Amino acid sequence: MQLIQEQIMTREIPKEEWKQFCDEISRERLDWITNVQVLSSESGAQVLSEGLPFIGLTYEANNDSETIVFDAGTGADSYQSHVIEDPTKVALSEPEDIESSTLDIEDAAGTKTLITFSRPASEAITTEENNKGMVAEG
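For what it's worth, this note's numbering labels the leading residue of the sequence shown as 103, then goes sequentially.
It should be emphasised that the hints constitute simulated quantities derived from the structure, not laboratory data.
Since we're looking at a predicted model, the values are computed, not measured.
Don't be surprised by glycine CBs; every beta carbon is placed ideally from N, CA and C.
One should not assume that every hint holds.
[As the list claims (entries may be wrong)] Ranges between beta-carbon positions, derived for each pair:
1) Q139 - A163: 23 to 29 Å
2) E198 - S167: 35 to 41 Å
3) E198 - Q122: 32 to 38 Å
4) P155 - P197: 28 to 34 Å
5) V185 - E152: 24 to 30 Å
6) Q122 - S143: 18 to 24 Å
7) G146 - D199: 17 to 23 Å
8) D206 - P155: 36 to 42 Å
9) D179 - R113: 32 to 38 Å
10) P222 - D179: 16 to 22 Å
[Unchecked claim] Pairs of lysine-lysine residues, derived as DSS-like cross-links and limited to a Cα-Cα distance of at most 27 Å, are as follows:
11) K214 - K117
12) K214 - K121
13) K191 - K214
14) K191 - K121
15) K191 - K117
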């Protein structure tokens, strides 16, 4: 039995690029399925949501505060908004196939918010079908 190791690349996003990064990931991962977990020294690991489609990530900076807001859901009955105040680190981990990725946002208190994105099944099928239709030109 051969084990296949998938290489995962993690990149920390420089603070001056947070707004642009949030805008880009909001476009690129729209409707991807998300799972959100918060890890803190006070309350341990808590699952905030599972299986909600991604709506967007927003970075806001005022004179005296910064926030990153994560939104996911399908409507009023299944909607989640999570605010990370005073973020200090934003990092994205992606395997080579980019079928899933994990966003790690840390705040000044040391709390980590981990957002795992998974490609929606319908998009994965469409992508697979498009790849099958490709013909090599010689």
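Tested hints:
1. As the Cβ distance of Q139 to A163 is approximately 25 Å, the hint placing it in 23 to 29 Å holds.
2. At roughly 37 Å, the beta carbons of E198 and S167 sit within the given window of 35 to 41 Å.
3. Between E198 and Q122 the Cβ separation comes to about 24 Å, which falls outside the hinted range of 32 to 38 Å.
4. Taking 28 to 34 Å as the suggested C-beta distance range, the pair P155 and P197 does not conform, at roughly 21 Å.
5. A C-beta distance of roughly 19 Å is found between V185 and E152, which places it outside the suggested range of 24 to 30 Å.
6. At about 31 Å, the beta-carbon gap between Q122 and S143 misses the expected band of 18 to 24 Å.
7. For G146 paired with D199, a C-beta distance near 31 Å fails the hint of 17 to 23 Å.
8. Checked against the hint of 36 to 42 Å, the C-beta distance between D206 and P155 comes to roughly 20 Å, which is inconsistent with it.
9. Checked against the given bound of 32 to 38 Å, the beta carbons of D179 and R113, roughly 36 Å apart, stay inside it.
10. The hinted range of 16 to 22 Å is satisfied by P222 and D179, whose Cβ atoms lie roughly 19 Å apart.
11. Restraint check for K214 and K117: the C-alpha separation of about 16 Å stays at or below 27 Å, so the hint holds.
12. Between the alpha carbons of K214 and K121 the distance comes to roughly 19 Å, so the proposed pair stays at or under 27 Å and holds.
13. Restraint check for K191 and K214: the C-alpha separation of about 9 Å stays at or below 27 Å, so the hint holds.
14. Restraint check for K191 and K121: satisfied, since their Cα atoms lie roughly 13 Å apart, inside the 27 Å limit.
15. Between K191 and K117 the alpha-carbon distance is near 8 Å, which keeps this suggested pair within the 27 Å criterion.
Checked against the numbered hints given earlier, this structure breaks hints 3, 4, 5, 6, 7, 8; the rest are met.
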